[in-house]
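Trainee: Next come the chains, spelled out residue by residue.
There are 2 protein chains.
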Amino acid sequence: MSQVFDLLILGSNSAKPAYDRHPTAQLLNVQHRLYLVDCGEGTQMRLAENGVKSSKIDAIFISHLHGDHFLGLLPLLDSFNLMGRQHPLHLIGPPDLIKIIDLHKEVCKARFLYPIHFIPIKDTENAGRVYEDEMISVDTIPMDHRVPCTGFLFREQPKERNILKAKIEEYQIPFQQIKAIKKGADFECESGEIIPNAELTLAPKPRRAYAYCSDTAYFEAIIPQIQAVDLLYHESTYLEDMTHLAAERGHATAKEAARIAFKAQAKKLLIGHFSSRYADLSGFEKEARDVFPNSFLALEGKTFNINNS
Amino acid sequence: MSQVFDLLILGSNSAKPAYDRHPTAQLLNVQHRLYLVDCGEGTQMRLAENGVKSSKIDAIFISHLHGDHFLGLLPLLDSFNLMGRQHPLHLIGPPDLIKIIDLHKEVCKARFLYPIHFIPIKDTENAGRVYEDEMISVDTIPMDHRVPCTGFLFREQPKERNILKAKIEEYQIPFQQIKAIKKGADFECESGEIIPNAELTLAPKPRRAYAYCSDTAYFEAIIPQIQAVDLLYHESTYLEDMTHLAAERGHATAKEAARIAFKAQAKKLLIGHFSSRYADLSGFEKEARDVFPNSFLALEGKTFNINNS
Chain A
0 MSQVFDLLIL GSNSAKPAYD RHPTAQLLNV QHRLYLVDCG EGTQMRLAEN
50 GVKSSKIDAI FISHLHGDHF LGLLPLLDSF NLMGRQHPLH LIGPPDLIKI
100 IDLHKEVCKA RFLYPIHFIP IKDTENAGRV YEDEMISVDT IPMDHRVPCT
150 GFLFREQPKE RNILKAKIEE YQIPFQQIKA IKKGADFECE SGEIIPNAEL
200 TLAPKPRRAY AYCSDTAYFE AIIPQIQAVD LLYHESTYLE DMTHLAAERG
250 HATAKEAARI AFKAQAKKLL IGHFSSRYAD LSGFEKEARD VFPNSFLALE
300 GKTFNINNS
Chain B
0 MSQVFDLLIL GSNSAKPAYD RHPTAQLLNV QHRLYLVDCG EGTQMRLAEN
50 GVKSSKIDAI FISHLHGDHF LGLLPLLDSF NLMGRQHPLH LIGPPDLIKI
100 IDLHKEVCKA RFLYPIHFIP IKDTENAGRV YEDEMISVDT IPMDHRVPCT
150 GFLFREQPKE RNILKAKIEE YQIPFQQIKA IKKGADFECE SGEIIPNAEL
200 TLAPKPRRAY AYCSDTAYFE AIIPQIQAVD LLYHESTYLE DMTHLAAERG
250 HATAKEAARI AFKAQAKKLL IGHFSSRYAD LSGFEKEARD VFPNSFLALE
300 GKTFNINNS
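Order-wise, the sequence lines are chains A and B.
Each residue of the first sequence is one higher than the one before, starting from 0 at the first, in numbering that gives the first Met the number 0.
Each residue of the second sequence is one higher than the one before, starting from 0 at the first, in numbering that gives the first Met the number 0.
FYI, nobody ran anything at the bench for these hints, they're computed from the structure.
Mixed in with the good hints, there may be bad ones.
No copy is singled out in the list; a pair is fine if it fits within one copy or between any two copies.
[As the list claims (entries may be wrong)] Pairs of lysine-lysine, PhoX-like flavour, derived with a Cα cap of 20 angstroms:
1) Lys121 to Lys15
2) Lys121 to Lys108
3) Lys285 to Lys15
4) Lys178 to Lys121
5) Lys178 to Lys266
6) Lys267 to Lys204
Here the structure is a predicted model, which is why all the values come from computation and not from measurement.
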């Protein structure tokens with residue numbers, strides 16, 4: 000049975016809300032650990048609408064300081080307080096984010112009752128690993144935008160090898176040694192015979208990975224890092240006829256997003272961050288699929304699952 | 000025919016959004032001039048849902064710096080920019096509000112393309128008149144809350160007297176003198192006879208007034224200022240069984256709001272700022288009407304009109 004690795008889209012519009020589409024926010028659920036990626040205005044309402052218990056969020060990742068990616072953060076932090084949250088929150092984002100939180104605490108005469116562990120992303124081009132827990136590691140992906148901005152590569156932690164039950168019986172492997180074998184050790188029988196690990200175990204399921212790339216212009220430098228990723232979200236603010244404007248504003252088109260997915264041999268592409276000038280989004284799907292057939296619109300309320308069963 | 004004086008409720012929940020109710024925001028429309036009163040998270044979405052062209056807002060009034068009353072402001076200011084707003088915005092609120100805007104501009108590397116005329120409310124107990132234009136004057140109402148907080152009294156500007164057409168003909172009043180007579184002057188006939196203004200004109204329609212009182216504990220000191228107001232919005236975060244908690248937190252109950260309305264002889268009462276602990280709001284209406292029958296729930300999307308026809 001596959002273990003949960005789900006991405007819920009909470010908002011996928013660009014700066015200006017329109018057509019009941021909201022600014023950027025996504026929720027990654029890895030084995031019921033919840034990670035929020037960007038937090039545009041109204042994110043806490045979108046979480047509630049989707050039945051998510053927002054207090055369960057362990058870490059929040061903010062890509063950059065444009066309002067549509069972070070102005071839902073303070074309301075959410077306030078609500079955590081009102082809900083009586085006490086367990087720590089990990090917050091990963093641009094260094095100035097803490098200034099905003101500090102000023103909020105100062106002017107509102109508020110204090111948060113839960114610890115916020117803030118991890119500033121200083122050198123966006125070389126920030127590397129910014130977060131790690133038992134479930135995942137998170138590395139930054141340098142973006143090409145108008146202000147310092149990083150994407151995020153979420154990857155499952157290495158898994159243990161699967162030990163074969165028949166081999167446990169055959170070699171009468173004691174319980175205490177199973178942990179080491181799962182990690183790759185060989186087994187020495189009482190006779191002194193060495194049974195190589197490869198005979199005792201099967202390779203673990205591959206580590207799933209999700210790459211979040213927003214906001215960015217078309218930027219081939221990211222391709223090696225996101226190579227063969229299971230799921231790629233790449234911003235596509237405009238359609239092809241606006242390619243010039245997209246580049247000027249540090250954004251990408253649907254075709255450009257698809258070209259990145261194609262060159263990186265991603266398994267699946269989600270596109271979003273749609274400009275409010277588009278009421279109808281079907282052009283995005285069409286233009287992306289022309290280049291990379293396994294492309295989908297990151298529509299609000301949709302969940303995308305990476306299955307590894 | 001009455002001239003427009005409408006209050007549209009955009010949000011009337013207290014701090015935590017719940018049951019699809021949103022934090023505080025209201026839109027006052029006086030003869031198609033638009034004034035926004037408080038601006039909780041998501042206000043720009045509520046404006047759009049209600050078909051309001053938000054770029055037309057002339058002035059925004061912020062009562063105090065608790066997140067549920069102002070965290071929708073920066074997203075709205077950003078959107079004004081994206082919509083190409085150029086005409087000035089008047090912003091009235093606590094002095095620290097400008098720190099928040101300045102930090103936002105600094106960290107987002109943004110500049111607003113339209114002027115923001117900021118009027119800080121310094122001494123909340125004696126701030127007096129904070130805004131005036133051709134349509135309305137706005138005075139602060141000192142509130143009793145945990146942080147500095149003011150309500151706002153919106154009042155129509157004095158109107159001209161209504162000159163009687165029959166008298167214009169009877170006394171052959173020249174066009175040039177009509178303006179002065181509308182302002183209260185007597186008329187001197189060619190014969191030298193003085194016709195008193197009272198014979199030539201009817202009193203103007205009374206100046207309508209709307210008092211916004213949130214957030215506040217039960218606070219009788221405000222009664223003289225809001226005496227006989229046409230429409231009173233008074234916060235009522237809790238029901239009567241929570242009177243003690245309300246006072247402790249600087250909030251009021253529905254009964255207390257109604258008591259203020261009764262003592263001030265207000266013509267109509269709206270109650271709002273409902274705690275998220277209440278799914279069903281019918282108790283609020285009931286408790287308020289026990290004391291002041293002309294009480295109504297400030298439900299989102301509802302428009303309350305002050306008619307003077």
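Trainee: All the hints need checking, so say for each whether the structure fits it.
Mentor: Now for the hints, and whether the structure bears them out:
no.	hint	result
1	Lys121 to Lys15	neither (28 angstroms within a copy, 33 angstroms between copies)
2	Lys121 to Lys108	between (28 angstroms within a copy, 17 angstroms between copies)
3	Lys285 to Lys15	neither (23 angstroms within a copy, 40 angstroms between copies)
4	Lys178 to Lys121	neither (38 angstroms within a copy, 66 angstroms between copies)
5	Lys178 to Lys266	neither (32 angstroms within a copy, 77 angstroms between copies)
6	Lys267 to Lys204	within (18 angstroms within a copy, 67 angstroms between copies)
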